[in-house]
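K.L.:
Sequence lines, in order, name chains A and B.
Counting in my numbering, the first sequence runs from 19 upward without gaps.
Counting in my numbering, the second sequence runs from 5 upward without gaps.
Read the hints as simulated data drawn from the structure, not as lab findings.
Heads up, the beta-carbon is just placed ideally off N, CA and C, and yes, glycines get one too.
Be careful, since some hints might not be right.
Said to hold, decoys possible - Calculated lysine-lysine pairs in the DSS-like style (CA-CA distance at most 25 Å, straight line):
1. K38(A) to K136(B)
2. K72(A) to K31(B)
3. K72(A) to K136(B)
4. K112(B) to K33(A)
5. K106(A) to K112(B)
Unchecked claim - Away from chain B, derived, C-beta distances all over 12 Å, residues of chain A:
6. T23
7. V39
8. N61
9. R80
10. N90
11. E102
12. I115
13. S123
14. S130
15. V142
16. M170
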Amino acid sequence: MAVRTPRQIGEDVWKTRIEKVNAELVTLTYGSVVAQLCKDFTNDYIQVNEQLDKMGYNIGIRLIEDILARTNSERCRSFKDTAEMISKVGFKIFLNITPAILNWSQDNKQFSLIFDDNPLSDFVELPDDGKAINELWYSNILCGVLRGALEMVQLQVEAKFVSDVLRGDDTTEMRVTLIRVLEDEMPVGDE
Amino acid sequence: MVVYSLYILNKAAGLIYQRDFNEGLRKLSSNDYLVLSGTFHAVHAIASRISPVPSSSGIEVLETETFRLQCFQTLTGTKFLLISEPRQQGSDAILRRIYELYADYVIKNPFYQIEMPVRCDLFDRHLGAYIKSL
Numbered sequence: 019m020a021v022r023t024p025r026q027i028g029e030d031v032w033k034t035r036i037e038k039v040n041a042e043l044v045t046l047t048y049g050s051v052v053a054q055l056c057k058d059f060t061n062d063y064i065q066v067n068e069q070l071d072k073m074g075y076n077i078g079i080r081l082i083e084d085i086l087a088r089t090n091s092e093r094c095r096s097f098k099d100t101a102e103m104i105s106k107v108g109f110k111i112f113l114n115i116t117p118a119i120l121n122w123s124q125d126n127k128q129f130s131l132i133f134d135d136n137p138l139s140d141f142v143e144l145p146d147d148g149k150a151i152n153e154l155w156y157s158n159i160l161c162g163v164l165r166g167a168l169e170m171v172q173l174q175v176e177a178k179f180v181s182d183v184l185r186g187d188d189t190t191e192m193r194v195t196l197i198r199v200l201e202d203e204m205p206v207g208d209e
Numbered sequence: 005m006v007v008y009s010l011y012i013l014n015k016a017a018g019l020i021y022q023r024d025f026n027e028g029l030r031k032l033s034s035n036d037y038l039v040l041s042g043t044f045h046a047v048h049a050i051a052s053r054i055s056p057v058p059s060s061s062g063i064e065v066l067e068t069e070t071f072r073l074q075c076f077q078t079l080t081g082t083k084f085l086l087i088s089e090p091r092q093q094g095s096d097a098i099l100r101r102i103y104e105l106y107a108d109y110v111i112k113n114p115f116y117q118i119e120m121p122v123r124c125d126l127f128d129r130h131l132g133a134y135i136k137s138l
């Protein structure tokens, strides 16, 4: 059987094996979660970012099994492969977007995901209290999702947004850094 | 097609699920089940390490006169062991389907704690229906 590229895997799973829900439902649900967190933490946006990241982590450690079970994929051979899988399979099947992978660092341990389209932030304008625009990373849940999902396949990463169109930046960019491969947690017998 | 039983081991070799699908199978004590899964985990690791060729998988299939054991290890380190009659075909595909059911009805249950014993009624029911349909 020919080896399928991440793009083919993503397209294929998206078309045939994913139940779709109304995008507005997702956007509104996420929006009300963030708004409620802002209220609960009395606009302490640093805390809100943290909570979103934690929630994302809990999603990520579960969602990875879904991807693996549906795509039947093999272990990535390099962090470059991992980046491809994240964009073309992960983001594709859960949000139907494929963020661009850019700005690789020299040592190939850091890259950026550029979100031209971000379904979570449709309709959103940040509160104009002068603080949110500098402190809140509205889509921070995605960072947690990546961190959690990759940890389960023995990759410890740091993921954080460095710009967001909601803040008036030109692009929405997430920086992903490989901290280390968790060798001692690697399942034995898995290359 | 006769599937006898299914074992699910977490990445720390703990037995988190065990179920027999046929009446009249010999039962072990709950401690023996734990010993069995711990032992398999170890032998699986040894098999991988003693291979003269680098990066070998662990045990994938174990055959005897009376049963066949197929092991499928996910990239996250969970092991699914399927015990069936010796001539069972397509155990690998069955395990992959079971992995999907596990991802759906165990992992996606927000109240299921990762790595802990599986007590999910929906999983039991869907798994039972799937095995019956084989």
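K.L.:
Each hint should be assessed against the structure and marked as holding or not.
P.N.:
Here's how the hints hold up against the structure:
1. K38(A) to K136(B): 29 Å, violated
2. K72(A) to K31(B): 42 Å, violated
3. K72(A) to K136(B): 40 Å, violated
4. K112(B) to K33(A): 21 Å, holds
5. K106(A) to K112(B): 22 Å, holds
6. T23: 18 Å, holds
7. V39: 14 Å, holds
8. N61: Nearest chain B Cβ is 28 Å from N61(A), so the label holds.
9. R80: 5 Å, violated
10. N90: Non-interface label on N90(A) violated, nearest chain B Cβ at 7 Å vs cutoff 12 Å.
11. E102: With a cut-off of 12 Å, E102(A) remains clear of chain B, as the shortest Cβ separation is near 16 Å.
12. I115: Given a closest Cβ separation of 22 Å, the condition holds.
13. S123: Check passes; 25 Å lies beyond 12 Å.
14. S130: Given a closest Cβ separation of 25 Å, the condition holds.
15. V142: 25 Å, holds
16. M170: At roughly 5 Å from the nearest Cβ of chain B, M170(A) sits no farther out than 12 Å, so the non-interface label is violated.
Violated hints for the displayed structure, listed by number in ascending order: 1, 2, 3, 9, 10, 16.
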